[in-house]
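Number of protein chains: 2
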Amino acid sequence: MDIKDLFKDIKDYENKEIVLEGWVRNNRNQSNFGFIDFNDGTYFKSLQLVYDKELKDFDKISKIKVGSALRVKGTLVKSQGSGQSHEVKVSEVEVLGDCTDDYPIQPKRHTREFLREVAYLRPRTNLFNAVFRVRSVAAHAIHEYFQSHNYVYFHSPIITGADCEGSGQMFKLTTLDMDNLPLTEDKKVDYKKDLFGKKAYITGSGQLHGETFALAYKKIYTFGPTMRTENSNTKTHANEFWMIEPEIAFCDLNGIMDIEEEMLKYIVKYVMDKCPLEIDFFDQFVEKGLKDKLNKVLNSEFVRITHHDAITLLKEAKVDWEFTPEYGEDIAKEHEKYITEYFNGPVFITDWPKDIKAFYMKLNDDGKTVAAVDLEVPGAGELIGGSQREDDYDKLIQRMKEMNIPLENLDWYTNLRRFGGCYHGGFGLGFERLIMYLTGVDNIRDVIPYPRTPNNCDY
Amino acid sequence: MDIKDLFKDIKDYENKEIVLEGWVRNNRNQSNFGFIDFNDGTYFKSLQLVYDKELKDFDKISKIKVGSALRVKGTLVKSQGSGQSHEVKVSEVEVLGDCTDDYPIQPKRHTREFLREVAYLRPRTNLFNAVFRVRSVAAHAIHEYFQSHNYVYFHSPIITGADCEGSGQMFKLTTLDMDNLPLTEDKKVDYKKDLFGKKAYITGSGQLHGETFALAYKKIYTFGPTMRTENSNTKTHANEFWMIEPEIAFCDLNGIMDIEEEMLKYIVKYVMDKCPLEIDFFDQFVEKGLKDKLNKVLNSEFVRITHHDAITLLKEAKVDWEFTPEYGEDIAKEHEKYITEYFNGPVFITDWPKDIKAFYMKLNDDGKTVAAVDLEVPGAGELIGGSQREDDYDKLIQRMKEMNIPLENLDWYTNLRRFGGCYHGGFGLGFERLIMYLTGVDNIRDVIPYPRTPNNCDY
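In the order they appear, the protein sequences are chains A and B.
Counted from 1, the first sequence has number 171 at position 171 by the working numbering; the numbering is strictly sequential.
Counted from 1, the second sequence has number 289 at position 289 by the working numbering; the numbering is strictly sequential.
Chain A on its own, in the form it takes in the complex (with noise of 0.2 Å):
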């Protein structure tokens, strides 16, 4: 059985017999009795065994390795110590795998970094254990608020042969041996030998795609891994990362906004209901405080200020700013910060100057700026990013042109504002980003298994 199921009904099993299969955490032993913490990975507790003198194998059992592999068999009773209720008198022990002197996870302090080395041991750790259960268990907070909601969970392609986002910054994919290239006449690669008979791209965003089902389907909502070539060795930036990006027809930026702040405060109130041991661990090592923060988030009313009014805010702020807000500009994440702190909470900044926007974006009325939000949190800086979209089809592609954006491969798209058009908006909401602020865990390479950044594509 797992342990989890064990914990749920814990009642029932008291001095019952059990039968546990799990790992050795740490096995410490006197010469009468000794103690193992064993886990099987369902929770993230350890389980107390007890084994004494008595067993006829106590000299092998007090010799399993940290990191091996047990079959156990035992009784629950309540604890005689004062480090958890219920522990396992143990009647048998088999050894399933043993384990070698070399394995790299000994009960003691490992740094995060060293950590990241031994990438496929580390969630055997508790830190990376409870990292990796609420990044589960968050992924189905998203499914269940939107499938609840009506949403059709849409699979947009990974793989494009357009390349709207401009090829510069978009993973190229060929079957073609790249030692070997076939070349056409004048001297270029010739693609028509390649496996889609044209160049091929990785997308870094479903949205476009998205929206042809949102105009059907009324809403929908991607979650698929999305690939960026991005050559940026910061906390907050991998070349691989998990995303959402929810699409819905008949709805504006306040509607939008709306959305976001619900499915935000059901994110974070699904994981601490069923991850409260994990999110104790890291208010406790991680992040002191992350409890306040996420409860806070949960009882306030989320902010809504435009960018115009944010950077007078920020002008009038009596603060030494190493980047000068000004109107009509970005915010950097000093201005973030202090907005976040300001309005201690998050805060949606709204309408942005369409010059440091996306095509895609509805102008407003102002000719100016753009219908788009940007969800700013405290302690993470922007959460999620989203915008109305623009459903005049002239100022579309006015737009495009403008931003020299392809026409030709997206007619798809743009055709959309034609057939039966209808004010809508999205966003975009990253999955690691996400994890770190429920979690407090500061570096994206330690909510991702496997991260991949340059240099970097080890496992």
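Everything labelled a hint here was simulated from the structure, so no lab data went into it.
One thing to keep in mind: the hints can contain errors.
Which copy is meant is left open, because identical chains are indistinguishable; a pair holds if it fits in one copy or across any two.
[Said to hold, decoys possible] Cut-off 16 Å, straight-line C-alpha distance, at most; resulting in silico cross-link-like pairs (EDC-like, lysine to aspartate or glutamate):
(1) Lys-198 x Asp-458
(2) Lys-265 x Glu-54
(3) Lys-293 x Glu-341
(4) Lys-199 x Asp-177
(5) Lys-193 x Asp-179
(6) Lys-274 x Glu-144
Could you slot chain B onto chain A? The hints should help.
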């Protein structure tokens, strides 16, 4: 409000004024009244809107084109007609988005081939609306099943530096300018200049990585896109598809079969419960007898037979085979068909000849077969492939050498057998094949939103 929610509690809305937003599927009218088939995408069936001459906008409404987006105000009333229980007596109509005359989706029968060419509009038809909703609901069923059984959802990496599958079968990924590749002194591509500083590929499976997490969490599953380079133009092959790969520690081959059977029944029941209208539609228009087939899956116990006994059965059959069944060899489509028809339901075929299976499968005591299992289902052939994994370090290494699998990049995989290894196994379920099975749709291109196949990478 969503039409889905309206139908959920339809009695509550009788004779009440409602406001809906959605699209026109059809608009038929006579001189004094007219009907609009109205669909907002949240519900399979369209809602009938009735408008009559009394409305001052009657002429305008009667000219509204198929495909247009509307906001409608009206009163929900019991329908006089026979096609529906309720309809909306319209009081106001606002056209949010007109539709041009060249709109390809008209209220008539379109071929699936034609609709593939306008893939971005096909979810607006009954068939594809049903297919992609079932796809979404089935995806959620999978998450529900695994999450409720203590599994951790594991995101395996898509990009990899290890070419363990043989680089010939994998997509290569690069940020280099393919028309001006940097070269080393010996005129080979200088991958040191590429983003990851080495050759990078797209993985065709998350299983090996999944095992690393299964040996920490006991039970994990992946669910993500998979890209393979097969140059194969069949109804069941695509170069991008989604796959589910669960991996379970402390689980033998019988345990794997138990899980596969329980999971498949869970998904079938979930989809039949949540999408009754869609399943009825498929049963009536796509695959006659689909509902019977699915109900039989729910109520049957899957047969378990060894590969050896299956070959005996085939040899004894009075059938003029195209491919003669042989012990020690693979079985053909015609054989799969015979076996599922013979047993009249899903069949597990176990203990396959080692030479036709992968290196990581556990060698049986006979030294000739491996603890592998394929699930064959009537009408679709192989739906799931799984195995117990080789947990003996020496046997695994020997098998890898025999099959020329490079050891040096996979030490993290083989080490799992040294660091508390245990008996474990898993399986792979092709998501599109499942959707084809659930809907009766027989071409993989029609169950993926934007299919990628050789020489086809549009949208």
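* Asked: Can you list which hints this structure breaks, lowest number first?
  -> Hint 2 contradicted; others consistent.
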